[in-house]
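Enquirer: Each chain, letter by letter, is given below.
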Amino acid sequence: MANITLLKAVNEGLRGAMQNDPSVLCFGEDVGPKGGVFLATENLTSEFGEGRCFDTPLSEDGIIGTAIGMAMNGLRPVAEIQFQDFIFPAFDQIVSEAAKMRYRSGGQYTVPMVIRTPYGGGIRGGLYHSQSGEAYFCHTPGLKVVIPSTPYDAKGLLIAAIQDPDPVLFMEPKALYRSVKGEVPDENYTVDLSTLRSVKEGDDVTVFCYGAMVPVVEKAAALAQEKGISTNIVDLRTLLPLDEEGVLEHAKRTGRVVIVHEAPRFCGYGSEVSALIAENVIEYMEAPIKRVTGFDTPFPNTLEHHYLPDERRVLDAIEQTAAY
Amino acid sequence: MSTSQLKSVIQADGASPGYDPGLSDAELLHMYRTLLLTRAFDDMCIKLQRSGRIGFSVPNRGIEATSVGTASAFRKDDWFFPSYRDFGVGLYHGVDPTDMMHNMFGNKLDTSKGRQMPVHFSFVDPIHLVSISSPIGTHIVQAVGAAYAFKQRGEDKVCMASFGDGGTSSLGFHSALNFAGVWKAPVVFTCQNNGYAISCPNEMQTASESYAIKGLAYGVPSVRVDGNDIFAVREATVAAVARARAGDGPTLIECVTFRMGGHSTSDDPSKYVPKELFEHWAKRDPIDIFEKALFKSKKLTKKKKAELQKECEEQVIAGVRLATDAPAPGLEEIFTDVYAELPDHLRRQGEMAFDLAKRKGSADAGDGAFPL
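Chains as they are written, first to last, in the numbering used here: chain R, 161 to 484; chain U, 0 to 371.
Everything labelled a hint here was simulated from the structure, so no lab data went into it. Glycine included, each C-beta is placed from N, C-alpha and C at the ideal position. Careful: at least some of the hints might be erroneous.
Cβ-Cβ distance ranges computed for the label pairs, FRET-style [said to hold, decoys possible]:
#, chain 1, residue 1, chain 2, residue 2, range
1, U, K270, R, H465, 52 to 62 Å
2, R, G209, U, H279, 54 to 64 Å
3, U, F353, R, P325, 19 to 29 Å
4, R, P193, U, A11, 53 to 63 Å
5, R, E479, U, D354, 41 to 51 Å
6, U, A245, R, P301, 40 to 50 Å
Residues from chain U that keep clear of chain R, each with C-beta distances beyond 10 Å, as calculated [claimed, not checked]:
#, residue
7, L5
8, I45
9, V123
10, K183
11, A206
12, L307
13, I316
14, D324
Start from the sequences, fold in the hints, and give me the full structure.
Expert: Take a look at the structure:
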């Protein structure tokens, strides 16, 4: 057990999976000797050799397309897309190929691969180093979509994703890479790919969130507590498949719901969570379901702190929902 | 090797001096029979579509020698990522035309369980013929990944990826050649230059002097051959497969041929292909050319030809009967194989579909028509 950053937990998850299974390999732009632009693959080339952790040409389509071929043919590729904003040249390969291969071949060909990619704002990355594109991918049957928010989950979910028989998009909250630390076991372990995490129990308002928004919601909940509002915080963490039963239980528990994500609001992931609750347990709701999200604009640079939901905006939503 | 000159082997009189295909008489006849079987299957699919029994097909007439000549250079344990206009690849290596016909009908016995359009085959036995995709070029780069896996495990297997002239404009083509060149991946790229990408002619597709030349920029040896001359296709592909198997990396082969029909059964080529082009290429029919070579070398008699033709037609007809008799896939097949395990939300959606079928009756079957 060690107290490490989320970034280090990703690195340890990769190392553990590679030690455990010789068919696991990591590749992408600058992933090899440099260890990736965030250093998530640091030292893996020196430890496992250039055949198992290596640089590729600068082509997201090529990275994901070749990863699919490798996965169909017995390897367990972990492909890195340097920033989630750069994933779109590979959208065709992910959505039309990886996600549909098992289905269209009647199970003859499968794609057990992981795509790791840092997502989200908070590093002054502007339009193209800040986006949260999870909703595009959650709309794709055949994919799994995972976003950890703690070092423990980062390692456990990553190893589970690598062992999973289906393609998993593993989105890493880059704002949390070095800003959160936590206790992580030295050995390999897995975290289930379809179970939410209860962050903090509370009785008045349930807040559903994931990724880099979790610490923001925790701060807002502490402020709400000072005003006598007890917040129930849920980290959804496995967005697809979602732990739907868990969501409904937590929604029923307080009858008041706030959903927080940094991605734009329209057709965002929060819409699905809201619809799920409305369709199934609306009779338990004592207040309108509220969303706190990024704006429906491109991601700004200088004003990113106004774009990203912060504890001020989340607290406001919690207060309004509690008072309704 | 040349990327601009067109390499042929079989001469106008049927002779191929100085060329040894390295095949026994039986293998040569198998090659010829596969050409006949490909055409019989193709003709039948068009008839089935015209009579409304299947929704769609992709004419293969004219490109059969490219397809079969390419396939003949590979082993059964190699992996194939064919284009959708490549019936001869599976047929050469023993894929049962009846199994292909099940796909044309999208029935319960179709390996893709009726989920794909016709001509989108997927097999793992007797060869790995990787599930065919409709988006152009995506499979080319996947073939490079699969080839990397062979190389990484130290296996001497090779991947084949084939695509049309239009495919060379796709992202996948360029990514694939670039990655394969850098990795020296054991893969052979076959560009089936059949003149048109749906209605788009070569001169609107590229300003390059050939498609083969595109390989050179990626450090991939490239060659241009007569795609209607099965020996020319085989000669180039055998050399490419040997290079790949020896660890010397990829090759791009442009096979110059012509699509003697529409892009698909939903397309009318008379609107954009000049009549003279069809007339010109009709005189260069790939089966006629190979027949001439076989007659010249006395490997084939008229009697044998008639026998084989009849055999192939009967084999295809038998397949149509079996495919017609097979039922449609069950409703549950909408929901299976999305993931290895059925997630809860899909289980619930499946239950809703079954419940509705029970309460309100099953949905009507469509007429199977498809507009493209």
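Enquirer: State for each hint whether it applies.
Expert: Hint check:
no.: 1; hint: U/K270 / R/H465: 52 to 62 Å; result: holds, 58 Å
no.: 2; hint: R/G209 / U/H279: 54 to 64 Å; result: holds, 55 Å
no.: 3; hint: U/F353 / R/P325: 19 to 29 Å; result: holds, 26 Å
no.: 4; hint: R/P193 / U/A11: 53 to 63 Å; result: holds, 58 Å
no.: 5; hint: R/E479 / U/D354: 41 to 51 Å; result: holds, 42 Å
no.: 6; hint: U/A245 / R/P301: 40 to 50 Å; result: holds, 42 Å
no.: 7; hint: L5; result: holds, 30 Å
no.: 8; hint: I45; result: holds, 24 Å
no.: 9; hint: V123; result: violated, 5 Å
no.: 10; hint: K183; result: holds, 13 Å
no.: 11; hint: A206; result: holds, 23 Å
no.: 12; hint: L307; result: holds, 31 Å
no.: 13; hint: I316; result: holds, 26 Å
no.: 14; hint: D324; result: holds, 20 Å
Checked against the numbered hints given earlier, the structure breaks only hint 9 and satisfies all the rest.
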